[in-house]
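Enquirer: First residue of the sequence shown? That's 1 in UniProt numbering, and the numbers climb one at a time after it.
Each hint should be verified, as a subset may be incorrect.
As the list claims (entries may be wrong) - As a list, the in silico DSSO-like pairs of lysine-lysine whose alpha-carbon atoms are at most 30 Å apart:
{"no.": "1", "residue 1": "Lys185", "residue 2": "Lys144"}
{"no.": "2", "residue 1": "Lys110", "residue 2": "Lys152"}
{"no.": "3", "residue 1": "Lys152", "residue 2": "Lys91"}
{"no.": "4", "residue 1": "Lys91", "residue 2": "Lys44"}
{"no.": "5", "residue 1": "Lys32", "residue 2": "Lys104"}
{"no.": "6", "residue 1": "Lys168", "residue 2": "Lys110"}
{"no.": "7", "residue 1": "Lys91", "residue 2": "Lys46"}
Claimed, not checked - Quick list of the computed label-pair ranges, beta carbon to beta carbon:
{"no.": "8", "residue 1": "Asp45", "residue 2": "Glu183", "range": "19 to 29 Å"}
{"no.": "9", "residue 1": "Lys64", "residue 2": "Ala136", "range": "34 to 44 Å"}
{"no.": "10", "residue 1": "Ala88", "residue 2": "Leu182", "range": "11 to 21 Å"}
No lab work stands behind these hints, which were simulated from the structure alone. Computed from a prediction, not measured in an experiment: that's the story for all the values here. Note that beta-carbon positions come from the ideal geometry of N, C-alpha and C, so glycine has one too.
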Amino acid sequence: MIRSFRFQSPLLRHSLRYSTSSTPGVAPLFAKIKTDLKAAMRAKDKVRLDVLRGIISEVNNAAKTPKPIETDLSLLDLLRKRAANLEASGKEYAAADRQDLLAKAEEERKVVEEYAAQVETVSEDAIRAAVESAIAELKAASEKLAIGSVMKKVLAAGGALDGKPASKTTVAKIAGEMVKALEQK
Numbered sequence: 001m002i003r004s005f006r007f008q009s010p011l012l013r014h015s016l017r018y019s020t021s022s023t024p025g026v027a028p029l030f031a032k033i034k035t036d037l038k039a040a041m042r043a044k045d046k047v048r049l050d051v052l053r054g055i056i057s058e059v060n061n062a063a064k065t066p067k068p069i070e071t072d073l074s075l076l077d078l079l080r081k082r083a084a085n086l087e088a089s090g091k092e093y094a095a096a097d098r099q100d101l102l103a104k105a106e107e108e109r110k111v112v113e114e115y116a117a118q119v120e121t122v123s124e125d126a127i128r129a130a131v132e133s134a135i136a137e138l139k140a141a142s143e144k145l146a147i148g149s150v151m152k153k154v155l156a157a158g159g160a161l162d163g164k165p166a167s168k169t170t171v172a173k174i175a176g177e178m179v180k181a182l183e184q185k
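From just these sequences and the hints, can you work out the full model?
Expert: If you want it as structure tokens, here you go:
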């Protein structure tokens, strides 16, 4: 009278889930950071280990937001923010006369800047030239000169910096300087 418990339907026995979505891309520098983390563990380099763990943690936290870090440029922005925070912390430590914390913050900042220097970006001169040509085109079309319109012209598909590794913050800074200089004339 007692029956063994097993699925009666072959459909339930062999159901599998298939997914067609691809895994998100990983920035090449992030892959290097992960391998360097292992090397820092073996070498017992505490400063580098702390910095790399912090960077990996920030990247993993950003992966849960609408704008995950998938390129070296977005990782570069994160590294620049981290370096700026460490520099500000260093100033506070110096003001509080905490030389031990100041030395640690300085070492961490050097490690962060070492990784930030590994990302190749378009030089400021090339960005400046692209912004100048975009401003000239906007003037010729008698359009209003604004930072947003200049950036759109430079970074849009077919623009001077389309597909090139140029930091948007650098482009915005240069475009802002040049637009303000033209407005003052």
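Enquirer: Of all the hints numbered above, which does this structure not satisfy? Sort the numbers upward.
Expert: Checked against the structure, the hints that fail are numbers 2, 3, 8, 10, while the rest are satisfied.
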